[in-house]
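Here the protein sequences come in this chain order: A and B. Residue numbers 1 to 246, in UniProt numbering, belong to the letters of the first sequence in order. Residue numbers 1 to 246, in UniProt numbering, belong to the letters of the second sequence in order.
Be aware that a few hints might be false.
For identical chains, the list gives no copy identity; a pair is met inside one copy or between any two copies.
Stated by the list, open to error - Simulated pairs of lysine-lysine, DSSO-like, Cα-Cα distance not exceeding 27 Å: (1) K53 x K77; (2) K49 x K226; (3) K77 x K145; (4) K53 x K226; (5) K226 x K33.
Hints in this document: simulated from the structure, not taken from any laboratory.
There are 2 protein chains.
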Amino acid sequence: MPFLRIYYLYFSPHKAYVRKLKNILGFVPGNIKLYKMAFRHKSVATTIKDGVKNSNERLEFLGDAVLGCVVAELLFKLYPYKDEGFLTELRSKIVSRANLNQLSHKLGFNELIEYDARMINYPNKQGSLLGDAFEAIVGAVYMDKGYSFTREFLLTRIIKPHVDIHLLEITETNFKSRLIEWCQHFGKEIQFIPVENPPGESPKLFTVKVVINGEVHGVGKDFNKKSAEKLAAEKACEELKVFEVV
Amino acid sequence: MPFLRIYYLYFSPHKAYVRKLKNILGFVPGNIKLYKMAFRHKSVATTIKDGVKNSNERLEFLGDAVLGCVVAELLFKLYPYKDEGFLTELRSKIVSRANLNQLSHKLGFNELIEYDARMINYPNKQGSLLGDAFEAIVGAVYMDKGYSFTREFLLTRIIKPHVDIHLLEITETNFKSRLIEWCQHFGKEIQFIPVENPPGESPKLFTVKVVINGEVHGVGKDFNKKSAEKLAAEKACEELKVFEVV
Chain A
1 MPFLRIYYLY FSPHKAYVRK LKNILGFVPG NIKLYKMAFR HKSVATTIKD GVKNSNERLE
61 FLGDAVLGCV VAELLFKLYP YKDEGFLTEL RSKIVSRANL NQLSHKLGFN ELIEYDARMI
121 NYPNKQGSLL GDAFEAIVGA VYMDKGYSFT REFLLTRIIK PHVDIHLLEI TETNFKSRLI
181 EWCQHFGKEI QFIPVENPPG ESPKLFTVKV VINGEVHGVG KDFNKKSAEK LAAEKACEEL
241 KVFEVV
Chain B
1 MPFLRIYYLY FSPHKAYVRK LKNILGFVPG NIKLYKMAFR HKSVATTIKD GVKNSNERLE
61 FLGDAVLGCV VAELLFKLYP YKDEGFLTEL RSKIVSRANL NQLSHKLGFN ELIEYDARMI
121 NYPNKQGSLL GDAFEAIVGA VYMDKGYSFT REFLLTRIIK PHVDIHLLEI TETNFKSRLI
181 EWCQHFGKEI QFIPVENPPG ESPKLFTVKV VINGEVHGVG KDFNKKSAEK LAAEKACEEL
241 KVFEVV
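Sequences are here, hints too, so could you generate the full structure?
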């Protein structure tokens, strides 16, 4: 539909915005409202009906699912001899908030995101703004152009040029050391304490809890102590929102 | 490709299996190997290379993502005025292990799953066999026929006739009451205790921890106390593996 594209780019009332989007995304979007919504943080959204806001959160829900599916297929085909544990872990690195924030920044999404500037006081919140908008844009592209287009867009425009999968593969997300460093940085005391298994559970299972300043922040269970500690640390990192090495 | 279909159904060496699949799935599959793999539990799998088995686990990883995406889009369109919290919760009910096990059984997948019969001793394991195979079949259909076909297959052949979304919508997963009942059942003491927010955090945020027999098992944070309690209870349910009402 070249006529429609020409209309959007040169004659529509949103032509300036359409051109900006085209520069960033590499294609002429159809339904501009979707993209505007994808870049609208809830801090500046208005209620449209029944308490639901016209923010990017619903599109983020959709985009997260679409992105997960495209990356799952990519890894499934790229690593035919790796098990599902490997695939799951690598996918979670690719779609991690830290990685999506970076991608969003690289692509220049920060110039289009609308949010309440007072939020800058909350560094963590502002950090996830970028990744949230990234997912919402994926949702918007899906609603606007369908699955095949979105898949192609993600693979050729985003992942191939910007994501070094093999580097992520070897970069181990070591939750235990990340958590320990975080505790040291903020002067907190951390302990990994073995827990006795409840009766009836396999004696081969190890259970470990992470105790930070006297409070349990995660419990892990696995067939070896090291993995149990890693799981416990991962849960604690999630609970305490320790996303980056400090 | 009617010729290929006729070949698969009447002349191929796998014609009996193809007909069985056609009866269950409603279409003539192309790459039979994928479907055989989707029905093969790891207990009967053999190693193909580098320690990777020809079990259904990789396809399950893929199918889980595809199913999540199709259901996300369905709910996004079905409930235009519900927020992403509602959508996330409803999707997790639809793709819950309990629901997928039921679906798998209804569709007759149990007759095709290959597994080591000694596993019947492990009721939980056998239970998830069905749901795992369901996800793996979704992965197989995706690899065999692509996204549009799989989406259509899931919507018209599985979800529309077999999943009562509106019933699931009103069936509330009340983590707080589930957790309290579980504690009563096992004679454990449970408390929901408000936690003071760290300095710098919004004074509007409530933080609540769930303490069971003196140990913290989950912390929730939200803009109202009830939601914070619910989140904390949800985390505790997950940590303690409290999946069903006792």
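When Cα atoms must be at most 27 Å apart, do K53 and K226 count as within-copy, between-copy, both, or neither? Cα proximity of K53 and K226: across copies only (21 Å, versus 45 Å in one copy).
Can you give me the call for K53 and K77, within, between, both or neither, at a CA distance of at most 27 Å? Answer is between; shortest inter-copy Cα gap is 16 Å, intra-copy 39 Å.
Alpha-carbon proximity between K49 and K226, which holds within one copy, between copies, both or neither at 27 Å: Close across copies (23 Å), not inside one copy (50 Å); limit 27 Å.
Intra- versus inter-subunit Cα pairing at 27 Å for K226 with K33: neither (49 Å within a copy, 34 Å between copies)
Evaluate K77 and K145 at a C-alpha cut-off of 27 Å and name the case that applies: within, between, both or neither. both (24 Å within a copy, 15 Å between copies)
This entry does not satisfy hint 5, going by the numbered hints stated previously; all others are met.
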